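There are 2 protein chains.
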Amino acid sequence: MYDNFKFSITFLRNGYRRGIIATPHGIIETPAFIFCGTKASVKGISPWQLAETGTSIILSNTYHLFAHPGSEHIKNRGGLHKFMGWNGPMLTDSGGFQIFSLGHGSVADEIKGRRCGSSTLLSIDEDGAVFKSYWDGGKQLLTPEKSMQAQRDLGADLVVAFDECTPFHSDKKYTEQSMERSHRWEKRSLEEFARCDDGTQAIYGIVQGGVHADLRKRSAEFVSEHPFFATAIGGTLGSNKTQMMEVVEMAMNGLDKSRPIHLLGIGGICDIFQGIALGIDTFDCVHPTRIARHGGALVKAKYRDSSQREHINLKRSQYKNDDSPLEPDCDCPSCKIFSRAYLHYLLKANELLALQAIAVHNIRFMNRLMEHIRSSMENGTLNEIKEIWC
Amino acid sequence: MYDNFKFSITFLRNGYRRGIIATPHGIIETPAFIFCGTKASVKGISPWQLAETGTSIILSNTYHLFAHPGSEHIKNRGGLHKFMGWNGPMLTDSGGFQIFSLGHGSVADEIKGRRCGSSTLLSIDEDGAVFKSYWDGGKQLLTPEKSMQAQRDLGADLVVAFDECTPFHSDKKYTEQSMERSHRWEKRSLEEFARCDDGTQAIYGIVQGGVHADLRKRSAEFVSEHPFFATAIGGTLGSNKTQMMEVVEMAMNGLDKSRPIHLLGIGGICDIFQGIALGIDTFDCVHPTRIARHGGALVKAKYRDSSQREHINLKRSQYKNDDSPLEPDCDCPSCKIFSRAYLHYLLKANELLALQAIAVHNIRFMNRLMEHIRSSMENGTLNEIKEIWC
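Just so you know, the protein sequences line up as chains X and L, in that order.
Residues in the first sequence are numbered from 0 upward in steps of one, following numbering that gives the first Met the number 0.
Residues in the second sequence are numbered from 0 upward in steps of one, following numbering that gives the first Met the number 0.
Please keep in mind that the hints were generated in silico from the structure rather than gathered at the bench.
Bear in mind that the values here come from a model prediction, so they are computed numbers and not experimental data.
Please note that a few of the clues may not be correct.
Note that the list lumps identical chains together, so a pair holds whenever it fits in one copy or between two copies.
Said to hold, decoys possible - Below, computed lysine to any residue pairings styled on SDA-like, alpha-carbon distance capped at 25 Å:
1. Lys81 <-> Pro327
2. Lys74 <-> Arg292
3. Lys131 <-> Thr241
4. Lys216 <-> Thr380
5. Lys319 <-> His63
6. Lys42 <-> Ser132
If we strip away everything but chain X, and leave its shape as in the complex, we get:
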């Protein structure tokens, strides 16, 4: 397995590292950020804009595509790469995360431990999970085998084993039982993956175990003992930033460090710096493109007030007459051409272009951040550049 994939660690110091993940659709220099193209499209952004802004990898969500248009439909169209016109590395998740978190509020609520409402999950047993389709309300069953088949149909380079994303508010007993079932599901995922392996894909195992050090360690060891290509740290990461990093550290303890390590659903700038310090290689989050749709532009610390957290809200009246670009030193087309005043106006006028222009900047911002992080490692300036970006 994994003949067409390779992970090379090219630099290592104090636990943080640079590397290269080679896939059949190209390489990913790590640390890297993976942009969310949830429903086979990074919202409002074309594949050529992604490429022009230095994006190396995107992901799509199996849950969404399974419900509509169906993974088989995409297979019949030549697979997800061809269907959506993205020819670079791609990852699909297993669908588990959305089944267990959608309907509980935002998908981020789960990871971040916020309390949730009603669920789209109808039942869960040893076989898999039955849920209500977001698309047509119909009942759908996802099992480890079905998830792997769907991901095979989609054809992303990197796929993820099917697990239960245990809610934050579960007690330790449920978290342990859920983790053990996730381990059995991951084994079944791996078996199904191996059964149909044709060399085009590589699979991630997922570490669960909630906020409990012993469970996280057991889960990390489970994943490391099985022949996954890479590891993702999933499930709840606690209710605050400090706990988040404690939980990541717990999971890292038992992990095989020769494999790529992905931290699921985390995309805050400070969080990324903390994750990198712990040895995380890749991150994903809807954050950069989602905030763009609400007028949020990511800017470095010196381009915002100290009261603003990692981004500025362009809808605020303070930008009405601001003729400066989002960031004077950014090389994205939006910064080269548009002022904050114009973007403010577009948002007020409900003009579609605002969303695209800000998303293009935010994507370029994240890619420049990761470029800067990678180049700073060998210089030993990771802590210094954190001040610039956070």
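We have chain X already, so just place chain L on it with the hints.
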């Protein structure tokens, strides 16, 4: 006046012609299509995408920008070119058309003689028109002088005299009175234009007169006798395609043909061919970008069923499994990368990218159409290529 502007007719045969309009922001090869960036943005399309798809000129609407964010705000931002990041030729209309047609249904209803509902127009007298702002419901007054000042603030290369867009259902008596007032308003526009002329702008006069041959002739003569740089044919063009071209012909009769001639609000492919045969140089319409937002893609005759009129509706289920591009011979990025099946899926999934992808194609389609029309003139193949496009 007009030292920085020039119109050269480079080819003339049987009444149709090629030419070049030179402006301070570059040249427009005619016949040309002018894309609508109503509120200082071609909906969902960035200025660099416009340039990449061969666009030579866009327009913005004074009515919309006057209400929000205000022409003075845009002046303070450095003018419309700088504000919206479009560095090529640009036209603004006078605001008159929207005052008299918005609230009557779509802005196109007026030209095309469809009956209308309530109006945003509150009153009209010799001074100008009082209307209700679409932005905040406040009362606003637009006069010839105010329109010219607003257009001066906006700073487009080409500006248009303020007129009343006489409704189709007016009787001849009202149409004549309205036309005469429009003539007085156009004279005042020209005086106000000359008073502040700094060489950066050139002004169009507008021919009114409804569907009445004698009135159209008088109006064309009025415009031709006054030192406008160019002429626009405005007002109602009747209730059907045949009448539309009859009315255009009436207006053309009395016109000074050494000036550029624009046909306001017309963008159907067959209509463009008919207009060109009568000697029209430029056209504008929201059509190509508006239909894109509803899933309508412009394709040449051989790429659609004979039942479809000039465009295909990608929402239709017949495109679900259609792996071909919108047009196999189109060089736009959407046609190079996306299939009809993917665009169909994006529309069904309400993904923003659909609108942008189809609009990019439609803009390129219109620009390729105009390129083909220009090159066919000297070959004498204008009638033959009409079969390809219509």
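Evaluated hints:
1. In this homomeric assembly, Lys81 and Pro327 come within 25 Å of each other (Cα to Cα) only across copies, at 16 Å, whereas the closest approach inside a single copy is 36 Å.
2. Taking identical chains as interchangeable, the C-alpha atoms of Lys74 and Arg292 are never at most 25 Å apart, the minima being 30 Å within one chain and 27 Å between chains.
3. Taking the closest pair of Cα atoms, Lys131 and Thr241 never come within 25 Å of each other, the shortest separation being 35 Å inside a single copy and 55 Å across copies.
4. For the identical chains of this complex, Lys216 and Thr380 are neighbours neither inside a copy (31 Å) nor across copies (77 Å), given an alpha-carbon limit of 25 Å.
5. Taking CA atoms no more than 25 Å apart as the test, Lys319 paired with His63 passes between copies only; the shortest distance there is 18 Å, against 38 Å inside one copy.
6. With identical chains, the CA atoms of Lys42 and Ser132 are at most 25 Å apart within one copy only, with a shortest distance of 21 Å there and 32 Å across copies.
In the structure shown, a violation is registered for the earlier hints numbered 2, 3 and 4, in ascending order.
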